[in-house]
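Participant: Sequence:
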Amino acid sequence: MDGDPRVSALQWEVTKEASTSPKTWAELARTTAAAAAADPVERANAVTLVYERALRAFASSYKLWTAYIGYRQQETSRLCGPNEWFQAVREVYERALAELPKMPMLWVGYMEFVVASEVPRVTMTRHILARALSALPATQHHHLWKVAKRWCAMPVVPSATVRAVWRLYLSFQRSLHAKREYFQVLVQKGDFNGFLQECVHLGLPNKSNKGAVEERDLLLSDVSFWETVQTALQGKGWRFTGDIGPLRELVALGKMHCASPVELSMAFAVFLYGQGHMQEGRQELRQLLDEAPEAQTLISLYHLAVEVEDQLVESFAVDPDLRRLDDAAYNGVVQHLFGDGDPLSHLERLAHEFPLLLNQAQLRNSPHNATLWLKRVELLQEDVYAGRSTFDDLVALYRQAIQQCTAGMSRVDGAAAQLFSSCAQTLIRGGKLDSAIAVLSEGTWCVPFTSAALNVQLLGLLVEAQLMSSASPLSVRDALAERLTSGARSGASKRSRNGLLQSSAALPHVVHHPHAWIMWCDVCAAYDSANAAAWRRLVEALASSPAFSAEAACYVAHKAYICRQESVAVMMLERAVAATRQQPTAQLFVLEQYLSFLYTRDGRQMPLHQFREVFSLVQQVTPVAIRTAPSAVIDLHVSCAYMEAAIGLYGTAVRMMQEISLVATAALRGRDEHLRVLQAILEHSITFTEQRRGYDSVRTYCGVLVQRLQHALLLQRVALHWAAIEKRSGNTAQAHLILDACGDSQDPSTEHGEVYWRLWESLCTSVEEFEKVARRRQQALIRFSKREGAKGVE
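7 is the number of the first residue of the sequence shown in my numbering; add one for each residue after it.
To be clear, the hints were calculated from the coordinates, so they are not data collected in a lab. Keep in mind it's a predicted model, so treat the numbers as computed, not measured. Ideal placement from N, C-alpha and C gives every residue a C-beta, glycine not left out. Do not rely on the hints blindly, as some may be mistaken.
[What the hints assert, rightly or not] Okay, the calculated beta carbon distance ranges per label pair:
{"#": "1", "residue 1": "His515", "residue 2": "Arg793", "range": "52 to 58 Å"}
{"#": "2", "residue 1": "Asn537", "residue 2": "Leu655", "range": "38 to 44 Å"}
{"#": "3", "residue 1": "Gly437", "residue 2": "Glu320", "range": "45 to 51 Å"}
{"#": "4", "residue 1": "Ser457", "residue 2": "Lys242", "range": "57 to 63 Å"}
{"#": "5", "residue 1": "Gln317", "residue 2": "Arg156", "range": "38 to 44 Å"}
{"#": "6", "residue 1": "Ser372", "residue 2": "Ala265", "range": "56 to 62 Å"}
{"#": "7", "residue 1": "Arg156", "residue 2": "Met262", "range": "33 to 39 Å"}
Kindly produce the complete structure, drawing on both the sequences and the hints.
Facilitator: Below, the structure is given as structure tokens:
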């Protein structure tokens with residue numbers, strides 16, 4: 007190597023000139039390293055000698071030091087043992103830093119060299135970092151921290167060292183991004199213990215430091231931070247060595263900032279169980295169950311609580327070490343795990359309270375749902391029967407439910423009426439009759455349910471309760487009458503603090519409901535049936551009230567008749583007839599009941615003039631009422647005809663039957679939905695006429711019907727009846743004539759037409775007659791087919 011001309015020339019140059027530049031020395035070192043040599047060690051020693059001579063001449067040359075260090079790292083690692091090589095390179099770094107302590111890249115290279123060592127050198131790296139931070143200005147520290155953060159992320163670095171390094175870094179760099187990096191390093195290393203302690207340290211700073219408070223708020227508002235905290239709390243197989251109290255404060259702050267407070271609380275509860283804090287874990291889960299915002303969340307919490315308790319019981323049952331404990335130690339373990347002497351008590355409590363908790367969660371989302379409140383009352387009643395709650399608790403719950411479901415609402419759901427009813431029944435069973443009456447009075451008169459029938463239903467229970475508490479039933483009747491006749495409420499009611507309405511005025515739609523007046527009638531009939539004056543007062547008040555209806559009037563008349571107040575019944579019916587003149591259907595109902603009353607009272611001795619007077623009213627209302635209630639009108643006329651026939655006036659009876667038949671066919675013409683009704687009255691009127699007046703009247707009546715009827719089915723029924731009568735009379739030719747006259751209206755392809763032509767054929771007694779009918783049938787079939795074809799073309 008000494009014979010190399012380039013090396014010899016460079017050696018001569020650096021020897022001749024005392025002021026040779028570092029570049030010449032560097033070129034001599036590179037040339038010496040590139041020269042051929044038999045022994046690599048000899049060449050390495052020669053290169054090292056060149057660098058050493060150069061550094062003695064230029065100790066402050068950064069390039070010489072970096073070139074020398076680079077050569078020792080890259081070229082000499084194969085020439086000696088790892089430890090000897092490491093120490094040699096480290097010594098060069100130390101010499102370079104002694105000469106150039108302000109060069110940041112030297113410190114960075116030194117740290118990277120030590121970090122990359124095969125043998126972990128944690129203490130050495132930490133000391134080098136500390137020396138570098140002390141030697142370099144703060145503006146150069148970011149070069150060091152890049153290496154330091156990579157080093158802290160390595161698995162070989164202890165958690166305590168990581169926390170110390172990162173805390174030092176965060177004292178200079180307080181950004182949210184830096185804290186996120188720190189937490190990510192701890193989580194990736196699986197150091198959940200250190201992570202949570204650092205979270206407490208950084209999340210709960212001294213409040214006197216305004217800057218620290220602002221940094222904390224910035225950290226706490228980061229949703230991803232709380233997700234990481236939740237992940238750490240859910241981790242398994244590690245032990246938290248810090249204080250639970252500050253961690254609880256941190257979780258409480260997290261509930262206000264994280265995306266899902268419930269999931270964070272669930273993770274914290276599981277964490278407490280896993281760390282052996284059983285009582286605190288149960289308290290946390292219990293609080294979550296009590297505050298569950300909705301049903302699905304509660305079910306998830308319940309399953310978690312049951313699973314945790316089930317695992318505790320199972321582990322306790324199968325642990326063999328527990329069998330070797332004495333009684334005191336065994337009781338201590340039980341006390342620590344379960345809090346009392348029964349390991350199954352918490353599971354039993356959860357199973358018992360789940361329906362109530364679920365109902366509570368559902369009510370949070372639907373506080374005005376009366377059905378849910380009824381379910382809650384049912385659950386509390388079970389507790390009352392079991393001795394876990396008191397009667398006063400049940401009554402208080404009823405009042406709370408009523409207040410929640412009715413206060414400030416213009417229309418109250420019908421299920422809330424059951425709350426009033428159940429509350430009153432509970433109070434009655436508890437001996438608090440006056441309180442029950444107050445509740446029922448509020449629900450009856452002051453709560454605007456969606457249907458007034460619910461108010462009337464409560465009114466019935468109210469009257470029963472008042473009769474139970476009052477010594478005089480007549481006072482109950484008078485109070486009810488006063489309430490009904492006092493008029494409509496003048497203004498809106500206001501609800502007081504105790505849940506009852508301050509105003510005592512009744513709702514108009516309750517006062518005007520007919521069934522409320524029927525209740526007055528029932529009380530009168532039960533306790534003062536012989537008092538004609540009381541009945542007349544009821545009739546007068548009802549007749550002048552907006553609550554008047556045909557149904558109520560007939561009910562009052564019926565009750566009055568049962569109570570032997572016939573004059574009152576007649577008066578009520580007369581008032582009802584007069585009041586319903588503008589309501590044909592209602593008046594028809596009243597007239598029907600009037601006739602029923604007359605027949606019930608007098609039977610066949612009914613005054614004929616009175617009957618005819620009522621029937622004339624029926625005839626007046628028939629043309630209008632039959633269009634809306636044809637069956638009822640026809641039925642009433644048929645009943646009247648039978649009443650006439652019962653007293654022997656057959657002619658009048660037949661005329662009544664025939665008149666209603668003709669009126670019905672005229673009024674309901676073209677309305678196919680009433681076709682069966684018309685068919686029935688036509689056939690019944692023909693049969694009735696035949697039975698009461700004979701064949702001649704039937705022939706006359708059928709002749710009129712054939713001229714007026716237009717529907718093929720109705721015409722078929724009349725023609726067949728008429729033909730049957732002629733056949734029975736021996737007038738077969740007349741029967742053929744009738745069927746021939748009506749044959750043009752009967753389509754053989756229809757069901758009723760097929761019946762018509764088949765029955766006509768059954769009358770034939772000769773081939774000639776049969777052929778004539780067959781020919782007429784074929785002609786009719788062709789004619790109707792052409793009509794259908796013409797309609798299809800149109």
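Participant: The structure should be examined with respect to each hint, and the outcome stated for every one.
Facilitator: Do the hints match the structure? See the list:
1. As the Cβ distance of histidine 515 to arginine 793 is approximately 57 Å, the hint placing it in 52 to 58 Å holds.
2. About 40 Å separates the C-beta atoms of asparagine 537 and leucine 655, a value consistent with the hinted range of 38 to 44 Å.
3. Checked against the given bound of 45 to 51 Å, the beta carbons of glycine 437 and glutamate 320, roughly 49 Å apart, stay inside it.
4. Between serine 457 and lysine 242 the beta carbon distance is about 58 Å. The supplied range of 57 to 63 Å therefore holds.
5. Look at glutamine 317 against arginine 156: about 41 Å separates their beta carbons, and that is inside 38 to 44 Å.
6. Remark: the range hint 56 to 62 Å for serine 372 to alanine 265 is contradicted by a beta-carbon distance near 25 Å.
7. Remark: the range hint 33 to 39 Å for arginine 156 to methionine 262 is upheld by a beta-carbon distance near 35 Å.
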